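These are the residues of each chain, in order.
There are 2 protein chains.
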Amino acid sequence: MSKTIGIFGGGQLGRMMAQAALPLNIQCTFYEANRSCPAAALGKVFSSADPELIPFTQSADVFSLEFENTPLADVELLMEHKTIYPPAEALAIAQNRLLEKNLFRVLDIPVAPFLPVDSVDNLRVAVDNLGLPVVLKTATGGYDGKGQFIIRHAEQIEEAWAQLGPAKSLIAESFVNFSREVSIIAVRGQDGDIKIWPLAENHHHEGILSHSIVPAPQSDDLQPVAEEYIARLLTHLDYVGVLTLELFVTADGLYANEMAPRVHNSGHWSIEGAVCSQFENHIRAVAGLPLGSTDLIQPTVMVNVIGQHPDVAAVLALDGAHLHLYDKSEREGRKLGHITLMPKNPAMLTTLCQQLAEILPEPLALTKETQIHI
Amino acid sequence: MSKTIGIFGGGQLGRMMAQAALPLNIQCTFYEANRSCPAAALGKVFSSADPELIPFTQSADVFSLEFENTPLADVELLMEHKTIYPPAEALAIAQNRLLEKNLFRVLDIPVAPFLPVDSVDNLRVAVDNLGLPVVLKTATGGYDGKGQFIIRHAEQIEEAWAQLGPAKSLIAESFVNFSREVSIIAVRGQDGDIKIWPLAENHHHEGILSHSIVPAPQSDDLQPVAEEYIARLLTHLDYVGVLTLELFVTADGLYANEMAPRVHNSGHWSIEGAVCSQFENHIRAVAGLPLGSTDLIQPTVMVNVIGQHPDVAAVLALDGAHLHLYDKSEREGRKLGHITLMPKNPAMLTTLCQQLAEILPEPLALTKETQIHI
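From first to last, the protein sequence lines stand for chains A and B.
Note that the numbering used here gives residue 337 to position 337 of the first sequence, counting from 1, and the numbers run on in steps of one.
Note that the numbering used here gives residue 236 to position 236 of the second sequence, counting from 1, and the numbers run on in steps of one.
Hints in this document: simulated from the structure, not taken from any laboratory.
Honestly, I wouldn't trust all of these hints.
Which copy? The list can't say, so a pair holds if one copy fits it or any two copies do.
Derived pair list, reagent style DSSO-like, types lysine-lysine, alpha-carbon separation capped at 30 Å [claimed, not checked]:
#1 K328 x K44
#2 K82 x K3
#3 K3 x K328
Given the structure is predicted, the values throughout are model-derived calculations rather than measurements.
Using the sequences and the hints given, assemble the complete structure.
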């Protein structure tokens, strides 16, 4: 009766996937360097440090991932005998910003002008062509704002190259003048069925997601456009599972920033806030089951717990607060958990966010003055 | 950081408690005869068959239970060094129908007239006093309709005594002429805070719960009365955790049937249907944390999966259906899981229930003609 899904990675995303899988009688196994990872409470961990790749590939019927930098070589070895969703092609593209931006362009999804860079000389050419400011990024690796340099003055070109040049493959992008960042998350089933959650508006602090507001305020016109873009990606890639697309809201409309071939921090609100969460729908898709409704139940704000644990009792005393801790030890900048605020009266979201700003040791972009206009 | 709660029992109730505890960084351990019980996926199981009571009592900071027939001797041994919620007194009363009905009477909670019975002679006296029909029950043990006999004719007295007499302590009750059965579930925190979920209307088939409708139809007048009754019980018992009170709806108002000192099958809807579920609030209470809101999110019907597993894909294809399987093998009359129906439009509940009646191998009291009037 019960089925097993093997997951590359065993962090909080794997933990929440396994939590969603359990009521469907689906077990998970994990491939992860740290045996006492957040997902360890819910399934067997095969060490990627040892490595135990072969026994991991034998531990499940079908596979997925929670970590977009899963080595392609590991995935290809797995695919000799087993199936993995999402497809390896989607993973390869998401691991390389040049391939990713090219795909966006091919599918008529607007992106900021960009040029590949592999020397300080063609970085100068790129800056000339794109005009300052230019964002220089490594084509592979990098997350949460790491692995990028914003060149505001021509004199910074040498410094930017010195810092990122060793990565060899770089991408120079025009700086997008955006008013806010939103993300669209969708899921595609093995039968091609697509379901899409409402847009989230994401607020960052020093490159780390602080909180997401769902639905993104004033997004009625943006939602159908974002849906069209992500549906193109899903169909083109013959994708199965959850895909996330980060977008900038500009005066000229939506610009794609990047995609993540997995469940996403800006979708954690869906555990309580949607009929079926991103985690359950990802599991359903990978297991070949029908997808659940992505309808919003109530407006919600998801707030990350970063670096230090809060006073749990103070958090739970807030009306409609749901706490999700990941069983991780404290460390600066580390995601330790998240809180979903879903008060019966959405007008209370502003008050609750302000109260949370007082409770959280590291409230990031949340302050006593935060206003939520849904 | 993380805390451990030890739970007597390791069935589906323990499983769902542990699922609710995990996001709060609270682990669970279990004391259960079968090491591969439904809760085993979520925490260490100490065998009550071996028995491993001492190591179990050392495995956690605070204790609770999912099984109202937990032996009092085990609980008393535990209490020499540790704390258990709910209190042992509540457990002792819930294990004995005579103590239970006496408590209801003391607290002015209406009950059917009853008399203790310990011989065939005073069974005859009881029948004379109460008038036929009389329901004869064992004072201890018995669940899901087992351990009782309905005496409709005086000639059945000998047969009833022959069947139940060996239990020694019996209770004879007047037959309550009720239109329906409802249950009220409430939680009390260590600070005395009480929160109460909406009434559920429960439908049985041969003594097994088939489905619950929440909120119970036409219960606006009943809700405050039921709340008053359960609050009296919680306060009198200095109770901590979730308590369930089953009630009959009669022409004369509500009559108490029995109480369960634990989370209850008729409260499973609260995982999706309430802001905070009975499982999470029980864990919060036992851990000394503030209680969450028991507000209803949307009307819902919870349907039990009995005896045989359904076609999972067919269930998940229903709009707003949430499936919870308990990882149990099939056996006649066994609770294998439950399905919570929570369509965006509550008017769809009737259609969904009728569709489920076609999908479930054992739909019990659910039929193609079922009508849900919320």
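So, going through the hints one by one against the coordinates:
no.	hint	verdict
1	K328 x K44	both (18 Å within a copy, 20 Å between copies)
2	K82 x K3	within (14 Å within a copy, 39 Å between copies)
3	K3 x K328	both (28 Å within a copy, 14 Å between copies)
Every hint, counting from the list given before, is met by this structure.
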